[in-house]
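Q: Can you build the whole structure from these sequences, using the hints too?
In terms of numbering that gives the first Met the number 0, the sequence shown opens at residue 0 and continues consecutively.
Hints in this document: simulated from the structure, not taken from any laboratory.
C-beta: ideal position from N, C-alpha, C; glycine also.
Where hints are given, some of them may not hold.
Pairwise CB distance ranges, derived in the manner of DEER restraints [to be verified]:
hint : residue 1 : residue 2 : range
1    : SER14     : ALA35     : 30 to 36 Å
2    : ALA24     : ASP52     : 19 to 25 Å
3    : SER14     : ARG40     : 31 to 37 Å
4    : GLY38     : THR12     : 36 to 42 Å
5    : MET0      : VAL50     : 36 to 42 Å
6    : ASP17     : GLY38     : 32 to 38 Å
7    : ARG36     : ARG16     : 26 to 32 Å
8    : MET0      : ALA53     : 32 to 38 Å
9    : MET74     : LEU21     : 16 to 22 Å
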Amino acid sequence: MSDLTVECPVRLTESNRDELRLLYADLHEHYARRDARDGTRTTLHFLWSGVLDAELFGATYADQRHVFAGSRPVMNSARNPGGLQETNRWLSAPAQQSGASLRT
Numbered sequence: 000m001s002d003l004t005v006e007c008p009v010r011l012t013e014s015n016r017d018e019l020r021l022l023y024a025d026l027h028e029h030y031a032r033r034d035a036r037d038g039t040r041t042t043l044h045f046l047w048s049g050v051l052d053a054e055l056f057g058a059t060y061a062d063q064r065h066v067f068a069g070s071r072p073v074m075n076s077a078r079n080p081g082g083l084q085e086t087n088r089w090l091s092a093p094a095q096q097s098g099a100s101l102r103t
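A: Right under this line is the structure:
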């Protein structure tokens, strides 16, 4: 089985969380079918742009965990170098049931 990484540039705003949920579901379906057909394992790498609000990011990260539920590797990072470490720190925190901020 070969491993592939697909970069998904995204921007998080207060108004697009529902759209992102639909995007996650579409990506989940597409890559599940493709990986099964091609014998690959695709990692989705979300590249976030703009200012990442801690509460919004925590909520959309909870959405990701719900949609993908360990079915494939998912990575998140920010486009700006200053945000990368902060984003990775959010992701290292344990998930919260409320979907609230994952910031430690």
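Q: If a hint holds in the structure, say so; if it does not, say that too.
A: Outcome of the hint check:
With their beta carbons about 34 Å apart, SER14 and ALA35 fall inside the hinted range of 30 to 36 Å. For ALA24 and ASP52, the Cβ-Cβ distance of about 23 Å falls inside the hinted range of 19 to 25 Å, so the restraint holds. In this structure the supplied range 31 to 37 Å holds for SER14 paired with ARG40, their Cβ-Cβ distance being about 33 Å. Take GLY38 and THR12: their Cβ atoms lie about 37 Å apart, and the range 36 to 42 Å holds.
Take MET0 and VAL50: their Cβ atoms lie about 38 Å apart, and the range 36 to 42 Å holds. For ASP17 and GLY38, the Cβ-Cβ distance of about 34 Å falls inside the hinted range of 32 to 38 Å, so the restraint holds. Take ARG36 and ARG16: their Cβ atoms lie about 31 Å apart, and the range 26 to 32 Å holds. Taking the beta carbon of each, MET0 and ALA53 are about 36 Å apart, inside 32 to 38 Å as hinted.
Between MET74 and LEU21 the C-beta distance comes to about 20 Å, which sits within the given range of 16 to 22 Å.
Consistency with the previously given hints is maintained throughout, with no hint failing.
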